[in-house]
Structure formats: C-alpha cells, structure tokens
Amino acid sequence: MGKPKVAFFDFACCEGCQLQVANMGEILLDILDIVDVVEFREVMSEKWGGELDIAIIEGSITDEHSVERIKEIRKRSGILIAYGSCATIGGVNGMKNNFDLDEIREYVYGSDFHFFPTKKTMAVHQVVKVDYSVIGCPVYIPEFVEVLKAVLQDIPYSVPDYAVCVECKQNENVCMYDKGVGCLGPVTRAGCNSWCVNNGNICYGCRGIVSGPNEKGAHDILSKYNIPLDLIKNKINMYNKCREIDQNAQ
Amino acid sequence: MQDKQYAILWKENFNNFISSLSKLHKLAAPVFKGYNNYAFENVRSGQEIALKYIPTILPPKKFFMPVHETLLEYDFSRGLKADAVTEYEEIILFGVHTCDIAGIQCLNMVFSEHPQDQNYLIHSQNIKIIGLECNEYCDEFANCHLMNTHLPDGGYDIFFTDLGDYFIVHINTQAGEDIIKDTGFFMSAQSSHLNELASYREKKQAIFKNELPVELDLIHDLFDRSFESRIWDDLDERCLACGNCTNVCPTCYCFDIRDEINLHLTAGKRYRVWDSCQLGPFAKVAGGKNFRTTRKVRQRHRYYRKFRYPMDRFSRYFCTGCGRCSRSCMAGIRLKETLKSLIGSKEGAKA
Chain Y
5 MGKPKVAFFD FACCEGCQLQ VANMGEILLD ILDIVDVVEF REVMSEKWGG ELDIAIIEGS
65 ITDEHSVERI KEIRKRSGIL IAYGSCATIG GVNGMKNNFD LDEIREYVYG SDFHFFPTKK
125 TMAVHQVVKV DYSVIGCPVY IPEFVEVLKA VLQDIPYSVP DYAVCVECKQ NENVCMYDKG
185 VGCLGPVTRA GCNSWCVNNG NICYGCRGIV SGPNEKGAHD ILSKYNIPLD LIKNKINMYN
245 KCREIDQNAQ
Chain F
228 MQDKQYAILW KENFNNFISS LSKLHKLAAP VFKGYNNYAF ENVRSGQEIA LKYIPTILPP
288 KKFFMPVHET LLEYDFSRGL KADAVTEYEE IILFGVHTCD IAGIQCLNMV FSEHPQDQNY
348 LIHSQNIKII GLECNEYCDE FANCHLMNTH LPDGGYDIFF TDLGDYFIVH INTQAGEDII
408 KDTGFFMSAQ SSHLNELASY REKKQAIFKN ELPVELDLIH DLFDRSFESR IWDDLDERCL
468 ACGNCTNVCP TCYCFDIRDE INLHLTAGKR YRVWDSCQLG PFAKVAGGKN FRTTRKVRQR
528 HRYYRKFRYP MDRFSRYFCT GCGRCSRSCM AGIRLKETLK SLIGSKEGAK A
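One line per chain: the protein sequences are Y and F, in this order.
My numbering numbers the first residue of the first sequence as 5 and each following residue consecutively.
My numbering numbers the first residue of the second sequence as 228 and each following residue consecutively.
None of these hints come from the bench; they were simulated from the model.
The beta-carbon is built from N, C-alpha and C at its ideal position, and this holds for glycine as well.
Be a bit skeptical, because a hint or two may be false.
Some, not all, of what chain Y presents toward chain F, calculated at C-beta under 8 Å [claimed, not checked]:
| id | residue |
| --- | --- |
| 1 | 35 |
| 2 | 38 |
| 3 | 40 |
| 4 | 44 |
| 5 | 69 |
| 6 | 70 |
| 7 | 73 |
| 8 | 174 |
| 9 | 182 |
| 10 | 183 |
| 11 | 186 |
| 12 | 216 |
| 13 | 223 |
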C-alpha cells in the first residue's frame, strides 16, 4: 500500500491552523515520511482534484458555495478531519450568527451587499459527516499528531470531555479566579494541556464546551467572584455560538 | 545533657544550610507563586523558600507519582520487545507540613499493598523528607486537628520546628542524620531546648482545636448513615466537575493508562496520567454504561473515599485536613461545611 494521499483545504478561517503545520518543525519531516501531501495551498502550488485518503478541513462553512464545495470534498475523501476551532465548533466566525444576516452583510459590504449571498456560520459537522476533530485556535500540534496516528491506526480519537482546569491544575498554574480574572477553563474541553494559561493568558473556550456543563453552578461562581454574566456569555459566544445549531438539532 | 535525636539550627545559619544542602542534593521547597499560592519547586538558596506558607497548589505527591509517568517502552518492528521503565531522581523535599507527611504515609500504604507499585516505591525510596511544623493554622480551610495531623507523627527523615531564634530538629532516620552531618551548621540540642519544645507544644494545644463538633472515631459511622443524605444533592447543584479537588488532594492517587505510539506505528510507550473520579468519563465502561453519571454521586464518592472506604481497608481516614479541596474549589464546596451539614442532618442526629 502506498502512502495515504492527504490534502488540506480552507474555508472561512485565518489559515493559522495550517500555518501551525508549516511551523511544526522536525516532526513535520516524520509526517511527510508516512503521508503524501497532494494539495496544501498555503505551502505548495500543486492541486489535486482526485480521490483522497485523508482530507483536512480548516475553516467554517458560511455560504452556499462552501456548502457545495465541502460536499464535493467529502465525496472524494475516505477520512475527513475537521481541523481547528472554525471547522470543529464554528469558532469566531460564529459571531456572525448573533446578527441578522442582511444587517451584517450591509455592515461588511455596504449598499451592494445583495451581490454577496451568505448563510449562518456552520461547523463542518453541521454540513457533512466528520470522522475526526482537532479542536483549538490554533490547533495544539501534539494533539494533531495524536489524531493523525489514530487515523493511521484506524482507531477512534476522543477529545477529552472534561474541563481545561484538570490539565491546568496538573501544570500547577495559579488559578485565574484567584487572580480575580474570569477564565473559561472550568467549562471548556481539555486536550490543549492548558496552553494559554501556562503562558499567562486566560482560557477563551476555543475547544468547545464540556458535555452537560453545570450552568447554574457556573452562574453562582461568577456572582461569587463578581464577574458579570454577560461578559462570560460573550466570551463563550466568541468561539461557541455555533453550538446553538447542535442544540436546536437535538 | 544532650539529646542525640535532636539538633539545633540557629536561624542565621538557615541560608547556609540550604545552600550547602542544595549543593549536595537536588532540593525542592515551597516557593511563593503570587496571589497566596505556593508550589514545591527546585531551590538553591534559602531566600527562595517560603518558610511560612499555606498548602501548596499540588501536594508533594507530584514527586512520588508524577502527573505523567512512563511505565513501559515497547518496540514491535522486529518481534515484540517491551521493557518496564522507572524514571526517578534522588531529591530532598524541604518544608513538608505534617498534613502532607500524613498524605505520603497514606500513599505509601496504598502502593505497598500487593501487587506493589514498583514505580511509586522507587520514587519513595529516593525521596528524603524534611518536615516543618505549623505554629498556627494556615487558614480557615484546614481541619488538621480533627484529622490529628497537626503534630509530627513520623514519616520524615528530619523535622524542623521553629522556636523563634532557632529551629529544633528531630532526627528520625539514618538519612536524616547524614543530612545533619554532611551540611554542618547544626549543634547538639541541650535540655533547655527540649524544654522549650515541650512548652511550645503545650501552647500549640490552645491554638489548634477541634474544627468540628464531632469525634474522629464517629465519622465513619456518620458516613454509614449518610449515603442517601440530601446534602449530596446540594453538591450536585454547585460542583462543576473540574477535578480540582482530587488533583490537589494529597491522598487521591487514581490514574489512567495510555499508549503513545510513534508515527511509523512501530514503537511507543505506555504511561500513566492522573485521573479523577470527579470527571464524567471516569466511570464510563465499554458499551457506554457509566456507573457515576451525576456530579452528586461523584462528589459523594470522593467523600466516601476519604472518610469511609479506607477505614475498612487501611484502618485510617484518607483526609489529612490540609484544606486543599476546599481552597481550590471555585464553587465553594467546603469540606468542613459538608461534614458539618452531615453532622447536623437527620441522619447525623441519630448518632
């Protein structure tokens, strides 16, 4: 069996997650040893219109053209990996869903906005079947490598379904709440090794919300620490607005 | 009269002692991290050490069972080759409070049971402990008097008690005696020093008082009656299942075992990583069944793992009274309050 054919595609995104691959250093050589990258706009000129073993999708789906394009990629791909927060949970593009679509189009494109059709932002799994997810803004490279190994072994990869606090405490960081700062670690899914907090930042919730979060408990905590609920809601919606589409679908 | 079990370190020699010790051994001690947080970290000088500190974010268990620890390395590129791995280093921990020494004693019991955990035991054999007595409560979260861990009770190599101008040091092991000898700076304790220690301990009795209106011996009975208590429903509403309480607990030792294979899928390692009964997936088994789906039963399980189940197996409570679970809980679940509620509940009243 030859090396699996892999292509990267981008939709609505900043392409920063693909840049993470370009920047991953020595381990990239190991990866290139075992896969055949046939299309990757950010680092090479070649295109590939044929069948794929693995399609890696960055970005969220925001218009009809993207819907058609992702369906077409899905059809010719054995495995499809949603890659980065935009692709897996909608990410920052989801903020569009806070507004009326015409209003937001006019804001961006001015009086000619009718020439620019748009749709509510969707994560990739809200349009086509996704086999694996690498969540994060940007993706955490060690996790991407683990997902890739799972794909190659044909075994599932489960994103940890517990709070970032678990990894953060194991890294012995001083809790942001002790510093009087609101942090989304308690409701955000782990797997990033508390990357942001390790580097002095708060958790922005870029990996999505844990299953069955205790919302009442979270509200109590915010009031205890005098953190306004709206502030945290806005912070959650910065990455997680598209989860409403999943909630409505249930 | 001199007492060979005790020595004296004058405070002006403390920094010299630490510098000298850190040249001989790798040394870790409590270090201030800001915002009333402390952590055991490597130190080279006395100035780095916080002599007065509240329990560190993580207890010293992180040295005995690291968060991530490789257990096995394997290679099946040419047949299967697998080697057990033990990664360890010799280290001295300075400034370990009595509550945390009690925590280590609990872990020693757990990991010495058959089948013995060799990785843990090798760490344990290579770690020397210098205890440090608390002259007063660290804060309102501690319940060390109730758990009877506010006084030294073995489990250390040497033990420091601050008596003002000097530390009186109890020497408990040969390794401890070597530390005293190798560093210099210590003097023999005279009977006057021992008298001062005795009167200090007497004064301490007035400072540390039972934190809750219950006898230690009655707590496991209280838990026998409280399994269906409504107190657990209250915890369900508040707990976020962040796992802070178990990660910071000196006696929580649950771990998960994972494999990490190389990209060529020919070799890899098997390692363990701390796990927590507070997390949703912890009790999930094949087929998707989960034995503890609610935060309520997970919190209850945590309390029973401290105050009821270890009594049957080890004849001791696995709470050390350090207060970390309460201190680190954003939702304000306080161990002392939970116990107090249980004592005051209708189940508790039957006592």
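Against the structure, the hints come out as follows:
A hinted interface residue such as residue 35/Y counts as satisfied when its beta carbon comes closer than 8 Å to some beta carbon of chain F; here the least separation is about 6 Å, so the hint holds. Residue-level restraint check for residue 38/Y holds (minimum Cβ-Cβ distance to chain F is 6 Å; threshold 8 Å). For residue 40/Y, the shortest C-beta to C-beta distance to chain F is roughly 14 Å, which exceeds 8 Å, and the interface hint is violated. The interface hint given for residue 44/Y is violated, since its Cβ lies 18 Å from the closest Cβ of chain F, which is over the 8 Å cut-off.
For the restraint placing residue 69/Y at the interface with chain F, the shortest Cβ-Cβ distance is roughly 35 Å, beyond the 8 Å limit, so the hint is violated. Against a cut-off of 8 Å between C-beta atoms, the interface hint on residue 70/Y is violated, since the closest Cβ of chain F lies about 31 Å away. With a least beta-carbon distance of about 30 Å to chain F, the hint placing residue 73/Y at the interface is violated under the 8 Å criterion. With 8 Å as the threshold, the beta carbon of residue 174/Y comes within range of chain F, its nearest partner Cβ sitting at about 5 Å, so the hint holds.
At its closest, the beta carbon of residue 182/Y sits 5 Å from a beta carbon of chain F; the interface hint therefore holds under the 8 Å criterion. Against a cut-off of 8 Å between C-beta atoms, the interface hint on residue 183/Y holds, since the closest Cβ of chain F lies about 5 Å away. Annotation: interface hint on residue 186/Y violated; nearest CB of chain F at approximately 11 Å, more than 8 Å. Interface hint at residue 216/Y: satisfied, since its Cβ lies 7 Å from the closest Cβ of chain F, which is below the 8 Å cut-off.
Because the beta carbon of residue 223/Y sits about 11 Å from the nearest beta carbon in chain F, more than 8 Å, this interface hint is broken.
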